[in-house]
Structure formats: structure tokens, C-alpha cells
Amino acid sequence: MLSIKDLAVKLEDEDKQILKGVDLEIEAGTVHAVMGPNGSGKSTLSYVLSGKGGYEVTGGSAELEGIDLLEMEPEERAAAGLFLAFQYPVEIPGVGNMTFLRTAVNAQRKARGEDEMSAAEFLKTVRARAKELKIDADMLKRPVNMGFSGGEKKRNEILQMAMLEPKMCILDETDSGLDVDAMKLVAEGVNALRSEGRGFLVITHYQRLLDHIKPDFVHIMADGRIVKTGGPELALEVENNGYTDILAEVA
Amino acid sequence: MARTATNTDPTEAMITSLAMPDAPWARPARESALARLRAMGLPTRRDEYWKYTRPDALTQLAAPEAAVLVNDETIMFDETDRLKIVFVDGIFDAAASDDLSLEGITIERLEAAQSDLHWAKNLYGVLEERGQTPVARPLAALNTAFATDGVLIHVTGKPSKPVNLIYRHESNTSDAILHSCIKLDPGAEMTLLENGPAAARFNNVLEVEVADTASFHHVRAQGRDHERHAVTHMFARIGANSAFRSFTMTVNGRLTRNDCVIEIIGDDALAHVAGACVGDGDFLHDDTVFITHDALNGESRQVFKKVLRNGATGVFQGKILVKAGAQKTDGYQISQSLLLDEDSQFLAKPELEIYADDVACSHGSTSGAIDEDAMFYLRSRGILEDEATDLLTLAFLAEAVDEIAQEGLRDGITARLGSWLQRHRS
Chain A
1 MLSIKDLAVK
11 LEDEDKQILK
21 GVDLEIEAGT
31 VHAVMGPNGS
41 GKSTLSYVLS
51 GKGGYEVTGG
61 SAELEGIDLL
71 EMEPEERAAA
81 GLFLAFQYPV
91 EIPGVGNMTF
101 LRTAVNAQRK
111 ARGEDEMSAA
121 EFLKTVRARA
131 KELKIDADML
141 KRPVNMGFSG
151 GEKKRNEILQ
161 MAMLEPKMCI
171 LDETDSGLDV
181 DAMKLVAEGV
191 NALRSEGRGF
201 LVITHYQRLL
211 DHIKPDFVHI
221 MADGRIVKTG
231 GPELALEVEN
241 NGYTDILAEV
251 A
Chain B
1001 MARTATNTDP
1011 TEAMITSLAM
1021 PDAPWARPAR
1031 ESALARLRAM
1041 GLPTRRDEYW
1051 KYTRPDALTQ
1061 LAAPEAAVLV
1071 NDETIMFDET
1081 DRLKIVFVDG
1091 IFDAAASDDL
1101 SLEGITIERL
1111 EAAQSDLHWA
1121 KNLYGVLEER
1131 GQTPVARPLA
1141 ALNTAFATDG
1151 VLIHVTGKPS
1161 KPVNLIYRHE
1171 SNTSDAILHS
1181 CIKLDPGAEM
1191 TLLENGPAAA
1201 RFNNVLEVEV
1211 ADTASFHHVR
1221 AQGRDHERHA
1231 VTHMFARIGA
1241 NSAFRSFTMT
1251 VNGRLTRNDC
1261 VIEIIGDDAL
1271 AHVAGACVGD
1281 GDFLHDDTVF
1291 ITHDALNGES
1301 RQVFKKVLRN
1311 GATGVFQGKI
1321 LVKAGAQKTD
1331 GYQISQSLLL
1341 DEDSQFLAKP
1351 ELEIYADDVA
1361 CSHGSTSGAI
1371 DEDAMFYLRS
1381 RGILEDEATD
1391 LLTLAFLAEA
1401 VDEIAQEGLR
1411 DGITARLGSW
1421 LQRHRS
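Protein sequences appear in the order of chains A and B. Each residue of the first sequence is one higher than the one before, counting from 1 in our numbering. Each residue of the second sequence is one higher than the one before, counting from 1001 in our numbering.
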């Protein structure tokens, strides 16, 4: 599904190398977690994959189902099936959440040569999905993420994911700023979307999210590289001993 | 700029070129306006309130030519049931207009009002004259002196539908001067719609007297013709417990100067004036607003948003004056521009002058580009860059458009702004 080979990335305006050769293969139907200390390049990886400006790829490749992601515009990557749940969802005054969702759903359908979703079908679908995530009608009516609490913003990200039905989902520290109940709700939303045809890349600092979203693989990232890969037990090791031991071991 | 002895004075030259209509009831007001104009002279670049906007095209003898834009858009407000009064290049078009009778309101054309003693005698040129201090507005005095037509509307009740002044532009060289007066009796309520480019050059004055407990709604769409020039003045005086709401959409036009002068003279009254303008290329739009609070517990809002690209210029000069004794005044003023490239500019002069000690007044002015983070967020969801730009631009304009109380009119304006954005993409 997602194939990242020796990906190297620097900041566009600064002589600072962030990713120094990342290798990662994510098969459809699997959940991969990436953990790592602050500044290891986890968020940069998610931004570069989704096409945010300000970064320069200096080497390597990233492909989604054999298509080169790095040459595409952000909206083309989205239409190809990539989705990033933001660590800090952006507030957009003046743009209604419903308008935003409908525009996004139909833009992707159009890009793929599919028919637009009818207003009635859209409304029905969005209401059903919102209900599962305990998102009330008022949140749907408000401008995108405006006046939303931290938990509401993250649930809104999962709602977008549910509506857009991407093939490859990247969750960037979706657990940050969430209390235990909110995290459960978000995790349930994610788990409901797990399927044979869909891959997940879950970026997190802490093991606790992985109690709810059980990963197939856990990768430890440090200084722009993936330094260790293992099963769910690796996350527990981090939880119990911190990163120091693991980093010392691979150094 | 020194004048040589061989040049005639431009103000006198302009006066000589125009004819004063002779209806006796308005004659004294017109003569007095002419005297004001002579004393003030036409505006020049050296005048404080014309510093950012070159008035030449408005003061030169002949109207600069303006091609008539042929377009396939339906006429603005067509989906609204309204009483239509049509002027073509400033000349009344009886065939295209509706019958002027409507319950709760009397409508007469300025040109047709010939009686010796007319109610409008107490309004025509009166608010314009009050609006000449402290800031001179010579083009409004010129208008009062020489306006060829317009409407005189007396609102006694609550008419069932809006009155729509439609200003069609059909001649490349037309030069129109129209002047309308609206008087709302206590408790009366009306919506005035105005739309169209009007002429190659248009000088329009609107005087609105809002009595106690009356309510006036105004939605204006200034026409799309690229080369047109326009100067408009709106003078309003509003009484106790009354409401005055005015919104203007301006798309295109080489030069548009909209002056708005509002005086709140009764307690617990509100005045909201808003504008959304979009300009591409050779475009200058100037909102000059002066709101005076001279009563208790007044609320005023000035909300002006401008979207500018390809070297377009936006100007905002807005003032809130709170007189001594106008306690509990709540004044708000915001002027913002969205610059879609580095060639466009926004010039703003917000002013507050406050002589009462128990008031809440705020003002803000910003100039900025599209928010990169919001842009990436939308694109990461699959929305095309152009479409995302349009969404964010309409969102920027929304605070001004939302000042329109009637949902149908608001949606109509938003749709027009949306189609303009689609036509003007990079």
C-alpha cells in the first residue's frame, strides 16, 4: 500500500536535514505505529507524505500503490487515497463544517471520475457517521473547528476520515490533548474503519493510544531514521523504560 | 498644482456645463448647494479625504468612456419579489418599471415632483448640507444642485415588498446624476435595493431620514462594468429606537468612491454599514464612512472587507465620532483586505474621536494573504487549490455579507461573489 524507501528530507529555507533515510512498508489491512522522542522527524514524515510546503525531498521515494506521491499536489494525494489526521486541526472561520465536508467528498469523487454524492445521501451519511463519534448537529453547523474543544477537533478529524474513506490513513499524534474518554471514542472511530483494504500509520508519543488501536507493527524513530521495528511489545518496552535504552542499543 | 491664467476654473467649467432643473420646491435647496459647491470647489488630490483616491475622473468635464459589459448573468435580485424602478444611463424607463403604487409607501420621481410645496423640501439637500461639516463633500453638493432625477419615497407603513432601483448602463459616454430621498415615519419599515452600473460615470446621492422606531434596510450591488466610474453619497439621520442597515457589494469598476455619513440623533438606535468588494487589475474602491453618535446607548458597526488582486487598490477612511453626552455608545469598526498577490494595496485610515467617558468603541484594520495553514488543510482533504482559495475568500467576506439580515438576499450576494471569484482566478 504505502512504500517509503530511503526518504531524505530537509527544510526548504534552512540547511537542516530532518529525515535521513526512512524505510517503511505498510501493507493493506495493517496498522503500523511510529513512536519516537521529540524532534525525531515523526510529524515531518506525515507532512511530507501529505504534501505540505516548506520541505525539500533530497533523496528516496514514497509511493502509494505504486504511484509516486512526492510529485503530486496535496489534493491529488488525497484523491489517490491518502489522509492525514492533523495533530493540530486548523480552525477556519467563515467556512461551515458541512460545506467543507461536502466540498471535500465531492472534490475527491470528481478527481476519481465518480459521480458526486447527492445532497440527501451526503446528509444521511454524515449524520450517521457523526452520531457514532458523538458529534452533535451544532458542531456540524459551526465553522470548521471553530470553538471546538481539543477532543472535538480530533473527533472531527476522524469524521472526515470516515466520510472520505481513504486507503491510507496517517494519524499524527491523534491522542495529544485527549482525556481517556475522548481517546476511547477516537480509537473506536479508527477501529471501525480498520479493514482489509486500508492501511494505518499511527504516530504517537505514548503507548496508551496503542492499547485502544492495536498495531501490527511498532517502529521507533530517532534522528530522522527508523532505528528499530518490532511488534506491539516494543511499545510496552518504550512505556516501561523510555527511549534511552532502545537508542543506546541501536547506537 | 498651479493653474495657469488661460485655464478656466474646473469647478466653474463643470457648473457651466450642467443645467439646474427648475421645479420650484427644490430650487432654493439647489441654489444653496450650488453656493456650497462654489465655496468648496471640486475635490483635488490635496484634500485630506482624497489623499488616497485621485478624483480626476470624477471632476473632469466629460465622463471617461466606459464600455458596456455584455454578460449572461441574470439581473441581480431577480429572484426577489420587488417593485422595480428602472433608470437607463440616468434616464427613467417607464416601460421597464413597475407601477409606483404600493401600500404603506408613496413613491414619486424627483423629475416629476413639480408641486410648489413638497414634503421632500425638508429633506432634499438638507442631510447633504449637514454632512458637509466637518468634512467637505463637494461632489454631493454638485449632485444636489444638478441631479436630473431620482426618487422621493415616503414610507408611512410597512410595504409588503422591497423597492428596487435598477441602474442600467447602455451608453459608453453617459454621465448620470441621480438623487433620492427617503423618509420613514415612526414605526415604518422598508427595504431598498439598488443595483447596476448606472452609467459610464455615476454620481448618486441618497438621503435617508429614519424617524423614531422606524427601520431601514438597504442592499446595494454596484454593477460589474469594468470601466465605469462612480461616486455615491449616503446621508442618514436616525431617530430613537430605530435601525439603519446598509450593505454594499462592489465588483469591478475602475473607480468607486462610496461616502456614508450617518448621524444618530435618538437614543437606543443602531446603524450598521457594511461592504464587500472584489477587484482585479485597474480597480480602485474607496469607502469613506463617518458615523456620529449624538444620543444615548447607540450602537454602530462598520464592517468593510476587500479582496484585491493584480494591482487593485482598496481605500478605507472610517470615523466614529462620539459627541459629549452620547454615553453608553457601542461603536465597532473593522476594515480588512485580502491581498491575493503582492501588487495590490490597501490604504486604511481608521479614526475615533470620543468626547463621552462611558463608551465602548473598538476598531481594527488588517491586510493579509490567504492563510497557508488553512489552505493546506483544505487541499489535504482533496479540495483543489482554486476551489480552496474561493472558499477561504468567501469566508473572509462573510463577516460583511452576514450584515444582511434577509437570508435570501444574503445568499444572492454570496452567489455573485462566488461567481466573480470563479471568473477571476490566477
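Simulated from the structure, these hints should not be mistaken for laboratory data. Treat the hints with caution; some may be incorrect.
To be verified - Footprint (simulated), chain B over chain A, 3 or more residues, beta carbon under 8 Å:
| # | region |
| --- | --- |
| 1 | 65 to 75 |
| 2 | 98 to 104 |
| 3 | 107 to 117 |
| 4 | 187 to 199 |
Stated by the list, open to error - When the alpha-carbon atoms are kept at most 20 Å apart in a straight line, the in silico EDC-like pairs for lysine to aspartate or glutamate are as follows:
| # | chain 1 | residue 1 | chain 2 | residue 2 |
| --- | --- | --- | --- | --- |
| 5 | A | Lys153 | B | Asp1373 |
| 6 | A | Lys52 | B | Asp1373 |
| 7 | A | Lys52 | B | Glu1385 |
We put the CB at the ideal spot given by N, CA and C, even for glycine.
Against the structure, the hints come out as follows:
1. 65 to 75: Per the Cβ count (3), the hint holds.
2. 98 to 104: holds (count 4)
3. 107 to 117: This one holds; 3 residues, not fewer than the three required, reach chain B with a Cβ under 8 Å.
4. 187 to 199: With 0 residues closer than 8 Å to chain B, the region 187 to 199 of chain A misses the three-residue bar; violated.
5. A:Lys153 / B:Asp1373: holds (15 Å)
6. A:Lys52 / B:Asp1373: Holds - the C-alpha atoms of Asp1373 (chain B) and Lys52 (chain A) are around 9 Å apart, at most 20 Å.
7. A:Lys52 / B:Glu1385: holds (13 Å)
Going down the numbered hints, you'll see the structure goes against just number 4.
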